[in-house]
Amino acid sequence: MPTSIRETHLALQRVLPPGMQTADGKAGIGISFAPDMEGYQIIQSMAPQGAAAACGQILAGDIIVSVDGKQVRSLAIKDVVDLIKGVPNSTVTMIMGRRVSVEEIHAAAVQATVQAQPVQQRSIS
Numbered sequence: 083m084p085t086s087i088r089e090t091h092l093a094l095q096r097v098l099p100p101g102m103q104t105a106d107g108k109a110g111i112g113i114s115f116a117p118d119m120e121g122y123q124i125i126q127s128m129a130p131q132g133a134a135a136a137c138g139q140i141l142a143g144d145i146i147v148s149v150d151g152k153q154v155r156s157l158a159i160k161d162v163v164d165l166i167k168g169v170p171n172s173t174v175t176m177i178m179g180r181r182v183s184v185e186e187i188h189a190a191a192v193q194a195t196v197q198a199q200p201v202q203q204r205s206i207s
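With the sequence shown counted from 1, adding 82 to any position gets you this note's numbering.
There could be a bad hint or two in this list.
[What the hints assert, rightly or not] Simulated DEER-style distance windows between Cβ atoms:
hint, residue 1, residue 2, range
1, Ile87, Asn171, 27 to 33 Å
2, Ala93, Ile159, 20 to 26 Å
3, Arg88, Lys108, 16 to 22 Å
4, Ala135, Ile159, 34 to 40 Å
Worth flagging that the hints you see were computed from the coordinates, not collected in a lab.
Idealized CB from N, CA, C, for every residue including glycine.
Whenever a hint applies, use it, and build me the whole structure from the sequences.
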């Protein structure tokens, strides 16, 4: 079945969990990811205390499309990590993708275009 990628735009706050320190002083959003055979960066898991899990809009299997406006397909993992991590409590903007079937897209489009017709009232004499 053919698929497409549905995109979601997110702004997430980079946080360090309480008591955690990093060697570079930077914070992330609590995700692990790996590239697939097509070069897409796929979310593998999320830290329960991380911003990604807290936002409730990211699932394992989702695709990282871009970070702060930069497309990340086919970039090395280290380069994507460098884009995501930053100063604690700063914001990172991301476009996340989710593969959906063409049938799901069609069903959503049909639901979105259905409109109720206004009811007209007439008096019959």
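Okay, which hints does this one fail, numbers in order? 3 and 4
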